[in-house]
Amino acid sequence: MSAVLVPTPAVARQTRPWGVWGAAWRRLRSDRVGMVSLAVVGAFLLLILLAALGLVAGNWQQEIALPDAPPAFVERAAKAAAATAVVPRRSNVDLSDVDPLAPRYEEWGAGVAKYRTTEVARRETLAFGADRLGRDVLAKAVKGAQISIFVGVLAALLATFIGTVLGALSGFFGGKVGDGLEWVYNVFTSIPGILLIFAFAAVAGRGVQSVVLILGLTGWTGIYRLVRAEFIKHSVREYVRAAEAIGASTLSRMFRHILPNVSHVSLVQLSIHVVSFIKAEVILSYLGLGVGVDQVSWGTMLAEAQGELILGHWWQLAVATAFMAVFVTAFSLFTDALRDALDPKLRGLE
Amino acid sequence: MLLRIEDLRVAFRLGMQRGEMQRVPAVGSAQQGVSFEIPENGTVALVGESGSGKSVTAMAILNLLPENAERSGRVEFLGRDLLTATRPQLQALRGRDIACVFQDPMTSLNPVFSVGRQLCEPLRRHLGLGRREALRRAEALLAEVGMPEPKRRLAAYPHELSGGQQQRVMIAMALACEPKLLIADEPTTALDVTIQRQILELLAGLKARRRMSMLFISHDLGVVGEIADHVVVMRQGTVREQGPVARIFTAPQDAYTQALLACRPTLEQRGARLAVIDDHIAGVEATKTAPIKDPGAPVVIAARALTKSFWLRRGVFGRSEFKAVGRSGEGVSFELRRGHTLGVVGESGSGKTTMGLALLRLHEPSGGPAGGEVLFDGQDLLRLSREDWQPVRRRIQIVFQNPYASLNPRFSIGQTLVEPMAIHGIGRDGTERAARARAILLRVGLDADGALAKYPHEFSGGQRQRIAIARCLTLQPEVLVLDEAVSALDVSVQAQVLNLLKDLQDELGLAYVFISHDLAVVRFMADEVLVMKDGDVVEQAGVAEILEHPRQDYTRRLLSAIPRGYAPGSGVAA
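Going down the list, the protein sequences come from chains B and X.
Residue 101 in our numbering sits at position 113 of the first sequence, with consecutive numbering throughout.
Residue 219 in our numbering sits at position 216 of the second sequence, with consecutive numbering throughout.
In short, the hints are calculated from the structure, not lab data.
All figures in this text were calculated on a predicted structure; none of them were measured in a lab.
C-beta atoms are modelled at their ideal positions from N, C-alpha and C, and glycine is treated no differently.
A hint or two may mislead.
What the hints assert, rightly or not - Far from chain B, by Cβ distances over 10 Å, these chain X residues were calculated:
1) R120
2) E136
3) R140
4) R212
5) E244
6) G342
7) L360
8) L363
9) R413
10) A564
Unchecked claim - Simulated DEER-style distance windows between Cβ atoms:
11) S331/X - W13/B: 34 to 42 Å
12) W13/B - A425/X: 48 to 56 Å
13) A425/X - Q50/B: 57 to 65 Å
14) K164/B - R559/X: 30 to 38 Å
15) R386/X - K164/B: 46 to 54 Å
What the hints assert, rightly or not - Over 12 Å on every C-beta distance to chain X, these chain B residues come out as not near it, computed from the model:
16) L16
17) A27
18) A109
19) T177
20) L184
21) E226
22) H245
23) P248
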């Protein structure tokens, strides 16, 4: 044996082989759709980061425009509507004789004069319009992106993590472990989803962290089932047996050998769940169980838009939907590209 | 002439690239297409290794190819050109005038329909028979293909039948409309050797009785020699040689045909190494003399009354024991010396693989108990604790049958080879392990620098099996269990891998447990042979003794079922 194994210095200097991720990155780079969607997702993440640091849309709560100010490009129609709503500024009846407070008006007037008040000129139009309080819809959408994407991605990550780990344990070990986990799964799926979410929400209360926890803890069941099926299939494959024969530990076999081979299931589920959790957050916020009242998310925007639509104020709905559509589409395309890049079997078609 | 194929070329479109359609030729070269003829009441065999285009040629006749195939040339069936025939015209021919039998009967039969229903379909569609009449015909057909209790089998579903019976149903379906031509695409490859013999006899008998023609596709020259009248040898999409079976087998003209005939291990002769196709073409002779093995070499592994059972679930809580090895209670006993090979032979379901895996404790402990003892280095492997087992595990390794399934598709070859060394702490660091991996890859005959960064799917079957062997070698094992390690490989590649295994054995003193259904390969490799049947050892003796003076009926049956190629005056049809 030793005669065979003497390392020759010439070959010892060679670089180590590419890892799976290095190779995947090279493949991803050649995927045009994947790179574009990665850029869009990256731009959103940058926007979120800037929003979180307060550099962008930090003033979303300021009422900088007239209530329901229209977008700049529909200004004219809105002006006509605003003209009808002008309120007369002075009363034309003199009530000072009968007004018991009249003698003190002057004193109060002097007191008020001590304070400097600046009357901010409310803008009549904004680039994408304003909501019923006159807040900038664009700023709200940006700030809302921070909350919505944060909630959607984090909850999906949590659900995928729980589903993958439990599915791996159940599928790999089977037997009593599998039976026990199947029981938990059955309990979770036997309760209607929305009811389960409400039950968790009632316990956890409002707030971003609670929404993440609620969605993550209730949404793992579908992923669990798919991952479990894949693990059952793979755990008897010969390559796993071969790994056992060379002495690889149970954990290594589960997560180093099998998991990369079934990761496409988890990744696709992750992208689907990000989308569905963003929608779930909308429902929760709409019902008052979602993010706090002092926060804004695409969900709260859509909830507000309901009432506005009746009055013909469509811009808040349009902006929130556009943000959501662009992000969700880009995210789905990106996870598709990622899955293709991580699958060596597809190599050669590039 | 029933069928005349002239200058046939098939290419597959692979999609546009830089504005140009990419095509891969599968059959026919730029200079020459494939041409041959099938006479009435004659059997023509297409022989070749995988990728030789033999199946594509046959499927091109009825256009059973995928959408992206492009055919050119001429396929004339009873004077009509099938390449220009419309889809309805072809559909009228399929099943009625030209019928097909495929390799894997399990996947060719629809699992949700009963056998009778599937048999009646072509009868009712092509012959317009009524329900009752079709059933009667179906029963007669099943009786004709030798199915026991045909009436009862009509109601059976495919999974209730054995592999051989399923293939009989497929043949009955193909015969249903009395075709003039039967295309049989590797009809016996998925079957055991004794079942293969039965199916071959059935096909030959049917052909003679019904006066039909047959296009028989096979990679196995032994089978072809027995059944064909005319042989067409294909390689890489072109016809290398064609002629009557007697001439092909006794006086082959083409170097490739000669090499194919030479590199197959036979029962009669036993050299030290097999001829390899490229060597044979180049004129290099295979070594004939084997180094003499030391009969007094130390025993590395010994089994005593080894049994293995599985639990079968019964009801909610109950379970019963199913003895997969050692059914009659005796179990398997053997001694394997350093540098020697123990051959384990048997048909599918005989428990040979279960026995091999039990040696390595690769069954789940909760799956069922193992009995007896396996002695390795004075320790009983079956009773070692987990901690004591890990260092011993390194010294016993296994190579699996399917090289496509036994390598992790997500691991590069470098990772695959470095991992076992990292687990067992062989080599100081990553660099040293990578260097060892390179050295071992070179030893098994692969280009080390190119291979390390690649993934398994970039290699051919033979190369993958070399990688699987290399993975075992990284651990410097003393015993290798080879579980049908060459069964999935082409003849020429099989010869190379078998030679490699012999070289490694001579060089490193490895002991092999060589599990195979192929007696010829076992004869080439083994020193001692265990013949297994239904979980029991039927016969156990030296290789020459087993093959020349078999004592048991079962061993004799196995031996006589092996296709022996062409022998004048013999053959199944005779």
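Structure-based check of each hint:
1. R120: At roughly 30 Å from the nearest Cβ of chain B, R120/X sits farther out than 10 Å, so the non-interface label holds.
2. E136: 44 Å, holds
3. R140: Given that every Cβ of chain B is farther than 10 Å from that of R140/X, nearest at about 41 Å, it holds.
4. R212: 43 Å, holds
5. E244: Non-interface label on E244/X holds, nearest chain B Cβ at 33 Å vs cutoff 10 Å.
6. G342: Its Cβ never comes within 10 Å of chain B, the nearest being 13 Å, so this holds.
7. L360: 8 Å, violated
8. L363: 6 Å, violated
9. R413: 4 Å, violated
10. A564: Given that every Cβ of chain B is farther than 10 Å from that of A564/X, nearest at about 28 Å, it holds.
11. S331/X - W13/B: 34 to 42 Å: For W13/B against S331/X, whose Cβ atoms are near 59 Å apart, the range 34 to 42 Å is violated.
12. W13/B - A425/X: 48 to 56 Å: Violated - the Cβ-Cβ distance for W13/B and A425/X, about 24 Å, lies outside 48 to 56 Å.
13. A425/X - Q50/B: 57 to 65 Å: 59 Å, holds
14. K164/B - R559/X: 30 to 38 Å: 48 Å, violated
15. R386/X - K164/B: 46 to 54 Å: 24 Å, violated
16. L16: Per Cβ check, L16/B is outside 12 Å of chain X; nearest 16 Å; holds.
17. A27: A27/B clear of chain X: closest Cβ-Cβ about 25 Å, beyond 12 Å.
18. A109: The assertion about A109/B holds, with a minimum of 60 Å to chain X.
19. T177: 23 Å, holds
20. L184: Answer for L184/B: holds, closest chain X Cβ roughly 30 Å.
21. E226: It is violated; E226/B is separated from chain X by about 4 Å at its closest Cβ, not greater than 12 Å.
22. H245: 5 Å, violated
23. P248: Violated, because the least Cβ-Cβ distance between P248/B and chain X comes to about 4 Å, which does not exceed 12 Å.
Going through the hint list in order, the structure does not satisfy hints 7, 8, 9, 11, 12, 14, 15, 21, 22, 23.
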